[in-house]
Every structure is written in C-alpha cells, then in structure tokens.
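Put chain B on the given structure of chain A with help from the hints.
2 protein chains.
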Amino acid sequence: MKYYAIVLALLSCGSLCVAQPSQQISEDFKPSTLNQPGQEYPQVNSQGYARFKILAPQADSVRVSLGLRGRGGTKLSKGEDGSWMGTTAGPLDEGFHYYHIIVDGGKFNDPGALNFYGSVRWESGIEVPAHDQDFYALKDVPHGNVQQILFPSKSTHTSRRAFVYTPPGYDKNQSTRYPVLYLQHGWGEDETAWTNQGRANLIMDNMIAEGKIKPFIIVMTYGMTNEIKFGGLRNFDITPFQTVLVDELIPYVDANFRTIADQSHRAMAGLSMGGMETRTITINKPEFFSHYALMSGGVYKPEDIKDKSKVKLIFLSCGSKERPDGVKSATATLKEAGFNAVSYISEGTAHEFQTWRRSLYELAPLLFKN
Amino acid sequence: MKYYAIVLALLSCGSLCVAQPSQQISEDFKPSTLNQPGQEYPQVNSQGYARFKILAPQADSVRVSLGLRGRGGTKLSKGEDGSWMGTTAGPLDEGFHYYHIIVDGGKFNDPGALNFYGSVRWESGIEVPAHDQDFYALKDVPHGNVQQILFPSKSTHTSRRAFVYTPPGYDKNQSTRYPVLYLQHGWGEDETAWTNQGRANLIMDNMIAEGKIKPFIIVMTYGMTNEIKFGGLRNFDITPFQTVLVDELIPYVDANFRTIADQSHRAMAGLSMGGMETRTITINKPEFFSHYALMSGGVYKPEDIKDKSKVKLIFLSCGSKERPDGVKSATATLKEAGFNAVSYISEGTAHEFQTWRRSLYELAPLLFKN
Numbered sequence: 001m002k003y004y005a006i007v008l009a010l011l012s013c014g015s016l017c018v019a020q021p022s023q024q025i026s027e028d029f030k031p032s033t034l035n036q037p038g039q040e041y042p043q044v045n046s047q048g049y050a051r052f053k054i055l056a057p058q059a060d061s062v063r064v065s066l067g068l069r070g071r072g073g074t075k076l077s078k079g080e081d082g083s084w085m086g087t088t089a090g091p092l093d094e095g096f097h098y099y100h101i102i103v104d105g106g107k108f109n110d111p112g113a114l115n116f117y118g119s120v121r122w123e124s125g126i127e128v129p130a131h132d133q134d135f136y137a138l139k140d141v142p143h144g145n146v147q148q149i150l151f152p153s154k155s156t157h158t159s160r161r162a163f164v165y166t167p168p169g170y171d172k173n174q175s176t177r178y179p180v181l182y183l184q185h186g187w188g189e190d191e192t193a194w195t196n197q198g199r200a201n202l203i204m205d206n207m208i209a210e211g212k213i214k215p216f217i218i219v220m221t222y223g224m225t226n227e228i229k230f231g232g233l234r235n236f237d238i239t240p241f242q243t244v245l246v247d248e249l250i251p252y253v254d255a256n257f258r259t260i261a262d263q264s265h266r267a268m269a270g271l272s273m274g275g276m277e278t279r280t281i282t283i284n285k286p287e288f289f290s291h292y293a294l295m296s297g298g299v300y301k302p303e304d305i306k307d308k309s310k311v312k313l314i315f316l317s318c319g320s321k322e323r324p325d326g327v328k329s330a331t332a333t334l335k336e337a338g339f340n341a342v343s344y345i346s347e348g349t350a351h352e353f354q355t356w357r358r359s360l361y362e363l364a365p366l367l368f369k370n
Numbered sequence: 001m002k003y004y005a006i007v008l009a010l011l012s013c014g015s016l017c018v019a020q021p022s023q024q025i026s027e028d029f030k031p032s033t034l035n036q037p038g039q040e041y042p043q044v045n046s047q048g049y050a051r052f053k054i055l056a057p058q059a060d061s062v063r064v065s066l067g068l069r070g071r072g073g074t075k076l077s078k079g080e081d082g083s084w085m086g087t088t089a090g091p092l093d094e095g096f097h098y099y100h101i102i103v104d105g106g107k108f109n110d111p112g113a114l115n116f117y118g119s120v121r122w123e124s125g126i127e128v129p130a131h132d133q134d135f136y137a138l139k140d141v142p143h144g145n146v147q148q149i150l151f152p153s154k155s156t157h158t159s160r161r162a163f164v165y166t167p168p169g170y171d172k173n174q175s176t177r178y179p180v181l182y183l184q185h186g187w188g189e190d191e192t193a194w195t196n197q198g199r200a201n202l203i204m205d206n207m208i209a210e211g212k213i214k215p216f217i218i219v220m221t222y223g224m225t226n227e228i229k230f231g232g233l234r235n236f237d238i239t240p241f242q243t244v245l246v247d248e249l250i251p252y253v254d255a256n257f258r259t260i261a262d263q264s265h266r267a268m269a270g271l272s273m274g275g276m277e278t279r280t281i282t283i284n285k286p287e288f289f290s291h292y293a294l295m296s297g298g299v300y301k302p303e304d305i306k307d308k309s310k311v312k313l314i315f316l317s318c319g320s321k322e323r324p325d326g327v328k329s330a331t332a333t334l335k336e337a338g339f340n341a342v343s344y345i346s347e348g349t350a351h352e353f354q355t356w357r358r359s360l361y362e363l364a365p366l367l368f369k370n
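Sequence order for the protein chains is A and B. Be aware that the first sequence starts at 1, since it is given in the numbering used here, and climbs by one per residue. Be aware that the second sequence starts at 1, since it is given in the numbering used here, and climbs by one per residue.
Treat each hint with caution, since some may be false.
Note that the list lumps identical chains together, so a pair holds whenever it fits in one copy or between two copies.
[To be verified] Simulated crosslink set (DSS-like; lysine-lysine; CA at most 27 Å straight-line): (1) Lys75 x Lys107; (2) Lys306 x Lys328; (3) Lys214 x Lys78; (4) Lys107 x Lys53; (5) Lys369 x Lys214; (6) Lys172 x Lys154; (7) Lys285 x Lys30; (8) Lys335 x Lys308; (9) Lys154 x Lys30; (10) Lys53 x Lys310; (11) Lys78 x Lys107; (12) Lys154 x Lys139; (13) Lys335 x Lys312.
Read the hints as simulated data drawn from the structure, not as lab findings.
With the rest of the complex left out, here is chain A (with noise of 0.2 Å):
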C-alpha cells in the first residue's frame, strides 16, 4: 500500500488514478448512463469502480485507456463466450471520463458507449454518478432550446456552426432581451462539448427554475481555426479565431436573437485551451466583454487588463487534482488590485468536465449582478 501511494502522488493523474487499490469491490454495478440505447456495458459501481465487457473473439489482447495511467489503463480477460471482461484497479473520480479501447494495437471505441469529441477525435464516454450530480439531471422543469446555427464566416470562407441555448420562455416572451456568455470548449473538443458532455442547457434550466440565476443565452462554437493536430497550441495563434468570434458570430448573434447588444451584458469563459482563449481575447478587446471566466484554463495578472474600470468580473476555478494554489493566489492578488475576482475549486476532481459543470454552475449566479 505504501508503494502505491509513493507512487500515486508522483503522478498528478487525476481520475486515473486508484485511490484504493485493495478495497473491496461492491458488486452493484449498474450500466453508465451514457451508454448506446439497450447496451448493458460499460458499467459502474456505487464505488466508482468501471467494468468493460467487449466482444471481440479471435482477438489476442484488449484493453481499455482508463485505469492506473503508466500502467496500460486495464487489461481486459477473454472469457468463455468469446467476450473480453475487466474492472479499473480502482474506482475513478466522479463525473464524465473520456476513454478507448486497444483492440490488438488499434484505437477503437466502445460499441457499447456513446461517443463524445475530445482529443480530436469521437472517443467513448463513461459517466460516474457523483454525490452532486442532481443540478445537471434531466428533470421535469421547462427547458429551454439548443438550436444549431450556421453562421456565415468571411474570413474563413465557410458557413461554421456555433449551438446557441436560449432559455426556457425565450419564444414566448417576445419582448424580453437578454444577455449572451460566449462558452468556449478544450483543446481537441468541439462546439458539442459544452452541452454533450458538460450538460450546459441541463445546468442552466435546473438553475433557471430554481430561480437561482436570471437567464441568459449561451453561444457555443469551434475555438480552433487553425491546428486541430498535437503540437499546435505551440505555436497557436489567436488572430483568425478572436475575428470569427468577434467580428463575426457576435454580430451574427446580435442580428438573428434577442440579445443584450452591449459591452457589459456580454461575457466570455472557456475551459482549458478555451480558458486561454478567453484570456487572450478579453486582454485583446475589453470593448465586448465585460465578465471574464477561466476554467482549468490559466489566470489573469491585474496589469493584463488596462481599463480596470470594464471588467465587471474574473471568476477564476480548477479541480483539486490539478494547481488550485495558482487559482486561489491569482484570485487574491486580483481582489487586491480592486478587481471583483472570485475562486472555485472543484472538490475531488481533475482536468476532466465535473470540474466544469461545477464552475459553469457557480459562475452562472455571478454572471451579469452588475
């Protein structure tokens, strides 16, 4: 047990790592709720244990990414009727895992799971229930919509497609305006991301209706105009995709709903790279956005911003697995300078979309007070 842990704090994995490698597995597993329509595998405990089943006959070897990292995730054990079977050493962090399965050295999906974009690429899901997971069920309150747009885009000479959710009532209530967070998705993610993974519209409607925030319109669209392969963010250039963001879909959005049309009643937030993304292009035109957000996603030094007297708030978060010292420490020297800056850290959670929904869920109540 000792070596384990030796071990396991070296490593700063997050959900892949096995708290208790030796306790004992309750054999209560349950079908992940994001599995494909009538698939019994994968599955999950009352632990947070996951066990795979895969079919895959003649195969020599299957495995599955998630697991104790460095040790080739889990290894699968062929069965009788030609199915390969295993359970994580452990059981994994609460919330949303991406992962894949290694068929004889290839990268395949799950058929059991649904599949969710991350990592460029359409990986398989697996979703541990977490203690908090009621502000982001599906329940029987109004819900609002998550309408696909294609926007024109000049200087990418294409239609790009953003997701806009407008709240419950936002047809009916024909003179109402509102507000608009642009929401920007991770490195390898997509505009799907906020809402499949991140349950954004869920959150929102729950809250909603709970009266806990007043509504606003989300924008969801694709932050990466440029490199989509490892390697790119080296060299990432914010040019092309702050002028779809800013001088396109902004108007776009202005033009077709019943938005806010102005500086302090339009937000930005981003997770990860959508964090840096956010940073970057608050810092570069303070004249649209007046509430800055970064999830997992850096943190902001009073002299980036130059007009202290715009920014209205820079809610700063990250999961305890990764550098909430750096969070909580930026958030102070922030508040020092005179910004209204404030912190949230994700309890038991890494770099990974739990730590998300909860900071979409405690940004939200802050977003424009003021």
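For chain B alone, kept in the frame of chain A given last:
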C-alpha cells in the same frame, strides 16, 4: 462476369452490390467528406469505390461491412506498417452509407469516420459524391436553425427530445407563422437521422434560397417508444408513439413555435419504418394531417382513407433498386380514386438515405400548396 450478374440479380442488395467488378480503378481517391477532422481514411474515388485503412498491428483479421453482400464485405490486407487496407470490389451507390468494421470477430467503428445513429447503434458513415449533390450541399445562403427541444411527455414519464428546423428569418419575421412537417426516421435510427444523414436542413435552406418552396418548419422526434431491438417491429404497437406525437409533441410545438396550427398546414412524412408510422397515424388521426408522404415505407390504398376531402397530398417514393412498381401502381390507383397522389422513384439508389434526401427534395415543393 455472367455468374456475377446472376448472383447480383438475385440479391436485393443495393449499395452493397458491385456493378462492374472488373473495371479499372481510378487512383483519384479522396477522404470521405464524413471523416473525422484531419482523418485521411476512408477514401472514395470518382467512380464510387471506397478504400479503407485501419491501424491494428496485432490483429489477425480486419474486414469492412461494405462491399459485396454474402461475401463478408471487404477484407483488408495487412501492410508492413501494421495498418490494414482494402478497396471495395466495386463502386458503391451514390450518397450516404452506414458501415462498421470487424476486427478479430468484434464489431467496431472506423476511427477515421464520423458516426451516425442507425441499426440501433452509432455506426460509421461514408459519403459517395453524387451527380446531384448540389441540392444538399452547404452553401453560402441564409441558413435556418436546427433546435434541440426537450418536451414534456406524461405518457412516457420523461422529457423527450425533438429537433425543430426553423427556416431562415424565423427569428426576424416575428409576425410570420409557418406550416409544419413532422418527419420520421427509419428503424434503428433516431431523431438525429434526418439532419445528420439526411441533411434536411441544408436541403430546405437551398430550396428556400432558390425560391423553390415557401418556408415551413420541420419537426423530427424519436419514433420508437417501446422496442429498440430486432424483432420488435413484428409486434409493433403504434399507440405509444401516436400518443407522444399527437397528444404531446404537436401541442408543445404549436404552443412554443409560430406555427399555423391547423390540419391543412400540418404534414407527416417518414422513411421506411417512419413511413409505416406515418401511414398508420394519418389513417388513425385524419383531423391532424392533410399532407402524407411515405418514403420507402409502404403505400396507401384508397379504402384506407375514410374522408378523401381531408387529404391534400399523398406522396409515395422509393429507390429504383427497391420496389418502384409497387409505388407506381399504388399511386395510379390513388389517382384513379380521385386523390392528389404523386410518386417519385430515385434512380440508381436503394433503401438508403440518398433515396430519402431526394424524396424530401421532391416532396417539399408539393407541400402546403392548397
């Protein structure tokens, strides 16, 4: 060659057939337009041959389900770099095809291709360029939106999902109200099929831009409330879905969108199983729909319809590789009986989405004329 011809005539295999197995293959292969971002394979050439490449270094056998039916699809051969490659034995039909790969006896998706929901699973998809692909191309024209709605369904104790296409200008023309087409997918598909595979929104955008049709709304929801497994269709009971559609979805759409909420401005259409559903529901509930369309999904007989005066249009279609004679003779019989019946046969296509894309293109100008 003669032996092939006989075998092919006996199989009702559509796109899975090989038209001219011995023709010279042009080496002008390009990535399929439905590949995942940055993926070079699968590829399609100008003749409609498809070429696949799958990395699985330690596998013993890799096959692709597309190819000559009854011969195990297309067998791939292992190259020195550990990847498996192969080309279909002949050209595929124009348009969209579902497929999967078989690796050492296990069924997986092609990591290079996007996934589409069909056969009660997310399958790989490949697009063979068609001579008439312009009508469903993404063009620089005003685009309508595709909205995901979650509507309350008491009968199934949940919020159910539908997609609603609203035409360009819907949000700007606040005084305009629109007719509605309820459009159903086929067996094993879901409410994503008509936009993802069918490109219904782009077909509409293009026709509206060219002035070929007057704008209308399209509503697409999941048509399988009970059985999702093979065999379920044998004992299919329309009642649960009819309740969802007529008692729950239609009132929700009429309350939340600017529809013309009467029988004469409401149409129902469906492909394959969705045609079967359309036929049954329009016969059961003639007070709701005035325009009926069955695409590769059966026919009406004059005696099916109690009150002829309520029916403004009956549209019947299928691919030339299905049973065009049945569609044509049923249409003739309906015409003789005094119905406004129209048939359409998609040349060179089978029970696949190219037939249904074209069917929608032919149907749309006929809707809501009177």
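Hint check results:
When the C-alpha separation of Lys75 and Lys107 is checked against a cutoff of 27 Å, the pair qualifies both within a copy, at 14 Å, and between copies, at 19 Å. Taking the closest pair of Cα atoms, Lys306 and Lys328 come within 27 Å of each other only inside a single copy of the chain (22 Å); across copies the shortest separation is 72 Å, beyond that limit. Taking identical chains as interchangeable, the C-alpha atoms of Lys214 and Lys78 are never at most 27 Å apart, the minima being 53 Å within one chain and 59 Å between chains. Taking CA atoms no more than 27 Å apart as the test, Lys107 paired with Lys53 passes in both settings, with 16 Å inside one copy and 13 Å between copies.
Proximity of Lys369 to Lys214 under the C-alpha cut-off of 27 Å is restricted to the intra-copy arrangement: shortest distance 9 Å within a copy versus 43 Å between copies. In this assembly of identical chains, Lys172 and Lys154 lie within 27 Å of each other by CA distance solely across copies; the values are 22 Å between and 33 Å within a copy. Proximity of Lys285 and Lys30 under a CA criterion of 27 Å is satisfied in neither setting, with 48 Å inside one chain copy and 40 Å between copies. For the homomeric pair Lys335 and Lys308, the shortest alpha-carbon distance inside one copy (12 Å) is at most 27 Å, but the shortest distance between copies (74 Å) is not.
For the homomeric pair Lys154 and Lys30, the shortest alpha-carbon distance between copies (26 Å) is at most 27 Å, but the shortest distance inside one copy (49 Å) is not. In the homo-oligomer, the alpha carbons of Lys53 and Lys310 never lie at most 27 Å apart, since the shortest distance is 54 Å inside one protomer and 53 Å across protomers. In the homo-oligomer, the alpha carbons of Lys78 and Lys107 lie at most 27 Å apart both inside one protomer (18 Å) and across protomers (16 Å), since each shortest distance falls under that limit. In this assembly of identical chains, the alpha carbons of Lys154 and Lys139 lie at most 27 Å apart only when taken from different copies (13 Å versus 40 Å within one copy).
In this assembly of identical chains, the alpha carbons of Lys335 and Lys312 lie at most 27 Å apart only when taken from the same copy (12 Å versus 68 Å across copies).
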